[in-house]
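> One-letter residues, chain by chain:
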Amino acid sequence: MASQLKVDTLTGVTTAGSILVTGEGNSTTTSLQQGLNKVWYDLDGTGTIALDDSFNCSGTTDNGTGDYTISYSNAMASANYSTLFGGGSQLDLGTTAIATGSNTIRCRQGFDSTTVDADPCHGAVAGDLA
Amino acid sequence: MTSQLNVDTIVDKAGSGGSNVKMANTSTYVSDGGGVTQNTVQGLVKAWIQHSEGTSISDSFNFGSVTDVGTGNYKPNYTNSMANDDYAASGMVGNGNDRYCAAGSMTTALVDTHYKRGDGNTTDIGEALLIVIGDLA
Numbered sequence: 001m002a003s004q005l006k007v008d009t010l011t012g013v014t015t016a017g018s019i020l021v022t023g024e025g026n027s028t029t030t031s032l033q034q035g036l037n038k039v040w041y042d043l044d045g046t047g048t049i050a051l052d053d054s055f056n057c058s059g060t061t062d063n064g065t066g067d068y069t070i071s072y073s074n075a076m077a078s079a080n081y082s083t084l085f086g087g088g089s090q091l092d093l094g095t096t097a098i099a100t101g102s103n104t105i106r107c108r109q110g111f112d113s114t115t116v117d118a119d120p121c122h123g124a125v126a127g128d129l130a
Numbered sequence: 001m002t003s004q005l006n007v008d009t010i011v012d013k014a015g016s017g018g019s020n021v022k023m024a025n026t027s028t029y030v031s032d033g034g035g036v037t038q039n040t041v042q043g044l045v046k047a048w049i050q051h052s053e054g055t056s057i058s059d060s061f062n063f064g065s066v067t068d069v070g071t072g073n074y075k076p077n078y079t080n081s082m083a084n085d086d087y088a089a090s091g092m093v094g095n096g097n098d099r100y101c102a103a104g105s106m107t108t109a110l111v112d113t114h115y116k117r118g119d120g121n122t123t124d125i126g127e128a129l130l131i132v133i134g135d136l137a
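Residue numbers (the numbering used here), protein chains in the order written: chain A, 1 to 130; chain B, 1 to 137.
These aren't lab readings, by the way, just hints derived from the structure by calculation.
Values in this document were obtained by computation on a predicted structure and should not be read as measured data.
Backbone N, C-alpha and C fix where the C-beta goes; we use that ideal spot for every residue, glycine too.
The reader is advised that the hints may include incorrect statements.
Cβ pair distances, simulated, as ranges [stated by the list, open to error]:
no., chain 1, residue 1, chain 2, residue 2, range
1, A, Asn-26, B, Ser-105, 17 to 27 Å
2, B, Gly-35, A, Val-7, 13 to 23 Å
3, A, Thr-9, B, Asp-68, 20 to 30 Å
4, A, Gly-25, B, Asn-84, 27 to 37 Å
5, B, Asn-39, A, Glu-24, 15 to 25 Å
Bound conformation, chain A alone (with noise of 0.2 Å):
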């Protein structure tokens, strides 16, 4: 028979930020914390910049032609995390800036280097929460 726990937060016993589960193949564990993506976004740059769908996303500044700042609602525990993009056809997105707070990017035609406005830029961020 099927079980259900309903529960609203999940914390780890012997470290809250830890929690363990089985890997797919069934011989490991992993910290259930540290496989998440604690940020992502689809951001139009275009025009006034806006967030078409984010996650832990507060806001964003418009820094220039190409250049924004994606800002957290809950920060990072440090500026050593990754971050990973994507976006439309010959577009070379990456960061310039990482804080706990907030990542600025730069988006550039891959082509050439020239800087551009751009739809869409996607963004996610792994590593460690406050």
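With the hints as your guide, set chain B onto chain A.
Okay, now just chain B, sitting in the frame of chain A:
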């Protein structure tokens, strides 16, 4: 009334692993640093795939098939659809230098991926590596 469950390991009832455990989409977790709580389901990768040139899938999660549209243009199709077309996708090319992945049209059912060289010309690939994060339907 809110409730809290303190556990170190989550497995299914049979104890064989975690693959059968279901989690509600309102579940939250205590952060790595212990300072905040965040939604668990929002943080999960919703689909990933490694596929070769053409439609052969090496391994994947929540991608059921790949449509080969033409040179350097593939449409991996989701098994479970996304909630809308506002989600994030990031792709890389394996076994191929000077190649990058770009997103074309994105729908709830698929992501249209284009692979090009730095000069903008469409190119074949060695392997396509794609991750999708966002809201499932």
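> Compare the structure with each hint and give your call.
These are the hints, each one checked on the structure:
1. A:Asn-26 x B:Ser-105: 17 to 27 Å: violated (38 Å)
2. B:Gly-35 x A:Val-7: 13 to 23 Å: holds (20 Å)
3. A:Thr-9 x B:Asp-68: 20 to 30 Å: violated (45 Å)
4. A:Gly-25 x B:Asn-84: 27 to 37 Å: holds (33 Å)
5. B:Asn-39 x A:Glu-24: 15 to 25 Å: holds (22 Å)
Checked against the numbered hints listed earlier, the structure breaks hints 1 and 3; every other hint is satisfied.
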